[in-house]
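With the sequences and hints as input, model every part of the structure.
Protein chains: 4
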Amino acid sequence: MHELSTAVVGASGYAGLELTRYLARHPRLRPVALYSDRWSGETAGARLPLGGAAAALRYLPLGEAAQAEAEVAFLATPAEVSLALAPQLLARGLRVVDLSGAFRLADPGLYPGWYGFTHAAPELLAEARYGLPELGRAALPGARLVANPGCYATAIALALAPLLRSGLVLAEGVAVAAMSGVTGAGRKASEDYSFCEVDEDLRAYRLGRHQHVPEIEQTVARFAGRCGPISFTPHLVPIRRGILASCTLRLAPGAEPAALARAYDVYAGEPFLRVLPADKVAVKDVARTNRVHLGVAVDARAGVAVAVSAIDNLVKGAAGQAVQALNAVMGWDEALGLDLLGG
Amino acid sequence: MHELSTAVVGASGYAGLELTRYLARHPRLRPVALYSDRWSGETAGARLPLGGAAAALRYLPLGEAAQAEAEVAFLATPAEVSLALAPQLLARGLRVVDLSGAFRLADPGLYPGWYGFTHAAPELLAEARYGLPELGRAALPGARLVANPGCYATAIALALAPLLRSGLVLAEGVAVAAMSGVTGAGRKASEDYSFCEVDEDLRAYRLGRHQHVPEIEQTVARFAGRCGPISFTPHLVPIRRGILASCTLRLAPGAEPAALARAYDVYAGEPFLRVLPADKVAVKDVARTNRVHLGVAVDARAGVAVAVSAIDNLVKGAAGQAVQALNAVMGWDEALGLDLLGG
Amino acid sequence: MHELSTAVVGASGYAGLELTRYLARHPRLRPVALYSDRWSGETAGARLPLGGAAAALRYLPLGEAAQAEAEVAFLATPAEVSLALAPQLLARGLRVVDLSGAFRLADPGLYPGWYGFTHAAPELLAEARYGLPELGRAALPGARLVANPGCYATAIALALAPLLRSGLVLAEGVAVAAMSGVTGAGRKASEDYSFCEVDEDLRAYRLGRHQHVPEIEQTVARFAGRCGPISFTPHLVPIRRGILASCTLRLAPGAEPAALARAYDVYAGEPFLRVLPADKVAVKDVARTNRVHLGVAVDARAGVAVAVSAIDNLVKGAAGQAVQALNAVMGWDEALGLDLLGG
Amino acid sequence: MHELSTAVVGASGYAGLELTRYLARHPRLRPVALYSDRWSGETAGARLPLGGAAAALRYLPLGEAAQAEAEVAFLATPAEVSLALAPQLLARGLRVVDLSGAFRLADPGLYPGWYGFTHAAPELLAEARYGLPELGRAALPGARLVANPGCYATAIALALAPLLRSGLVLAEGVAVAAMSGVTGAGRKASEDYSFCEVDEDLRAYRLGRHQHVPEIEQTVARFAGRCGPISFTPHLVPIRRGILASCTLRLAPGAEPAALARAYDVYAGEPFLRVLPADKVAVKDVARTNRVHLGVAVDARAGVAVAVSAIDNLVKGAAGQAVQALNAVMGWDEALGLDLLGG
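Chains as they are written, first to last, in UniProt numbering: chain A, 1 to 343; chain B, 1 to 343; chain C, 1 to 343; chain D, 1 to 343.
Hints listed in this document are in silico derivations from the structure and should not be mistaken for laboratory results. Possibly wrong hints are sitting among the right ones.
[Unchecked claim] Using 30 Å as the maximum straight-line C-alpha spacing, the simulated DSSO-like pairs for lysine-lysine come out as follows:
{"hint": "1", "chain 1": "B", "residue 1": "LYS188", "chain 2": "A", "residue 2": "LYS188"}
{"hint": "2", "chain 1": "B", "residue 1": "LYS188", "chain 2": "C", "residue 2": "LYS188"}
{"hint": "3", "chain 1": "D", "residue 1": "LYS188", "chain 2": "C", "residue 2": "LYS188"}
{"hint": "4", "chain 1": "A", "residue 1": "LYS188", "chain 2": "D", "residue 2": "LYS280"}
{"hint": "5", "chain 1": "B", "residue 1": "LYS280", "chain 2": "D", "residue 2": "LYS280"}
{"hint": "6", "chain 1": "C", "residue 1": "LYS188", "chain 2": "A", "residue 2": "LYS188"}
{"hint": "7", "chain 1": "C", "residue 1": "LYS188", "chain 2": "A", "residue 2": "LYS280"}
{"hint": "8", "chain 1": "A", "residue 1": "LYS188", "chain 2": "B", "residue 2": "LYS280"}
{"hint": "9", "chain 1": "D", "residue 1": "LYS280", "chain 2": "B", "residue 2": "LYS188"}
{"hint": "10", "chain 1": "D", "residue 1": "LYS188", "chain 2": "C", "residue 2": "LYS280"}
Structure, rendered in structure tokens:
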């Protein structure tokens, strides 16, 4: 069976590492080039517990990534880097799965405010397909450019979209608090993310200004037909990987709790989604898997529903989802190569 | 100078231990009896890095606590135990500072639903003074029975009350997400709180059902004159001590961000409160102190204000606050004996 | 291809869980029965991120394990339980891989002192094969009863045995300090292993009395032909999984550092062993893999060599090693089903 | 009562911060100048939970430290910086307590090999007094220059010295393994000490080459009259603060276990030392105190004694010890200002 050749650009970041791991075991994908300035010249086997041909791959300088010889390129790079690389790779005939935010927002006008740059390739925004199969897999088969969803956006949009579509909650007044493990901040030498500063600490950051906000609103609006402006407060917590999102929504007049719980029935049959009581949703049960656990509790007294979802930010929030989306692009079983079993 | 003799009931729990530490250094308090079945017969010096007379105290069986010979008893016991002990101790002429929820709610009708028992001493609810000086110190001087606030309630009420009083936010639709360290669950042999289950995990619990909800609403309503039903989602996170609360409030029409920030001016001069930008509020800066850090950010786009507060659940959320309240009861400087310097 | 049917007894412990994960993905093994009183009646899919038939297995009461219908039984049970079960299962024709210490020591006379019981089946000690392929795979093909090595014993014996065989270090005066993650203590409701007690703490335990001591000495003596009494100090550290062992050995007169480093050449070609500079050996690089990283540094000034090794106590120290040993018993590739890729 | 004015140079490092905390509460010391380039211009109260005059102090640039106007300067700076500053400060009449290794080794010939520089002020090595009161307080009264011991050196020398002096163990073949929290590496922006790299990991470093080795040997030899070359393997473990050292010593022929336990009787009356069974020595019991817990277990079978000691690396291993030493220099109660009570 033909194996699709793949390149990973930004292969030494936490998402790039995870991606390399998945590609090395995927039955129909084959990593052929890994780009990383940090580890340039080293073998992948020296950095990851890989076997076989993948172990022998040598990291190449990032500057050579535009010339990657592969059928698919995964970009695990900052948005500005992806924005520069993707057009070149597409022009050379590669498919591109971009893990940054460079191609996630359909409206180029949102980039200056949320990402701090003017989008240089707005025509690609029109072409890019958003890689969240559970809320829109129809768009994926055959796509040339996949915008892989953000980690928070994945956890939150999956929790919110069915509830808003149900009509049982108001589209306005959605308040989301989420907590992320430190790999979400990427690999970097920074005092702020040093063990001594993060361990035993909790804090909120980028209140109301996180760049996943417009992505969540766009995704929910597409699926549910409506979405008010969302309030989002992300928090940094001392775990390595994982996101837990708690989303408070105002009940529509007359909404019945039992009906609300059924809103997640739209996920029946999804291989990676599992609906649980909201207080049984836990990061440790999804860690190192492509799974999403989610649940909703109704607080009739306060007039709200609280939806809780958990993912591994490096898997369903990055590398696993990228593989799942490519599986969908190629028309394969979406779960192919994603059976790592947690732990 | 006369030192007030004090007893600690429930001295081997995390709050009881912290209290013992504080009492041992307080210039006007002197621990004379420590009750704990767990460590009965052992000396306090064998369990805590104490010096002096406190080190020589031997833990006594809990069953003897009703006969405590002291001027003040601190009850760091479950609500049911406090409910049984407090009347006996009061009858014998002791002042009582109760760290449980037994005497926090003015309305006895709230106990069956939130605490699971019918209140046996409703007359004491009328007498009890709520020990949160920053939102009502006038009630404390001379009090016989102090109901020490809950840890979440402290962090959340202090963040919410001035905002609601300002009139700049709506009284309805307040959504609170808070995270607590594991000492908040108390000392116990439980698989759920074992290192292997808690480390690297995040989860929500008691969604909409936490017993601090009516306490928060009562406290905010007293101070602000109004408070709608609050939605509260607590989370367990892998740190030993500390609470961070993120509170999302809907802006009143026409509310100005600058005005909102000034709502916390009511705390000017408070020795333990410090107002910061919301994204500078962090657990590690208040750990092992009686301090509260808090801040508010306005998200005009989403029409909300997000208030963030941080405390150490064992200090301002328990033992430190109890000492502060007793200082107020006695007419002393509220900060007396509370100058432990974090770390 | 025929799949061997397997049962896991003690399937809800940390090693049992890990084993279930591995069996579910092994190409030639098939879990057909899982025994656990704790989760009796629940499905494996409710507890683990499994797919396929394994997910539908229901945990059975431990009391039914003696009647297990399978070709191989893995016992992830306390030594006393294994000691009672193994003879019954062997009599019914099953192969047994026992993860406890019940069958590890050839000399029954060692059991009362190190394990606290008199061995009830000394004839099985003679039959049992020690399942550490790297130091004795010849004994494994066709074995009916495999004694799976202890976690510390694996890490330490692999580090020591080649050095002692080389003759470059003395057989006397070996001092081992090792650190283990908390899963090494098993799953239990215990205040001692609660998050609040373990987090941010370090301590030594069972100094000189750990039951892996005679196992290490027996294993090293078999491979190296000599082994003095080893001093072993285990430590509990706040990580979930992983062991790091630091072994100090006295250099033989005239031993050359370069020669010492070559002692590990005996491991050339081992799929799971990797020799590194001693200060590059780290738990995180072997976590969730069946790998062993090890290295040796010579301190000529102090006249010692220090060997450092790292394993995942639940994989190479338990479940992975059990699968590897069974692979060897069956004559299969030892790495079969063990390609989980860490993280 | 006259308060001695003190300056802290390197006040934003972890040891410098801890020192500031202690000085701010010391009844006879008064911080008057804090030097830190990182926080230059900020107030101490913005960084630490201080009250009073200390809170208003503004951090000054490190370059101005040589002109410090104070009676005592604490140098919490790298050895090279201390080496340059101390002579200038001494010349201006200040006493100096140096927390680096710049003045710890009596033999200047040891500096190139262990510290990587040739000592520029060997005459000060002769003058410097080693600030470990429990093993040599007689040298301290009136000292102008105190070399504050290293953190590992403190934990290890205190454990070893009485045993070697007892004659019950051999002076040769001492093997030490110790584990340190991450604050021991100092405050820095480094990928190696990032949360993601350190959390859930264990590793050894600087095997046999740690610069505390000659310091330990010098200290033990002074106290015990003999000390062979020590083998020392330090480890990095995921805790914020604390050191646990496990020291394996070979029993002298005929040594009796009971006699060995009595070796620590030399510490009777020491305010900060507590002798316990070796498996009861734990970092959490000494964290945030100036205490040392230590114990020794005899393993007669292996012919060794294992001594275990625990300290807080920032307190007894740095700031607390510096205050204790200055107390001794001034002829005050050594425990003055050191009654912080852990937690």
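Which numbered hints does this structure break?
1, 3, 4, 5 and 6
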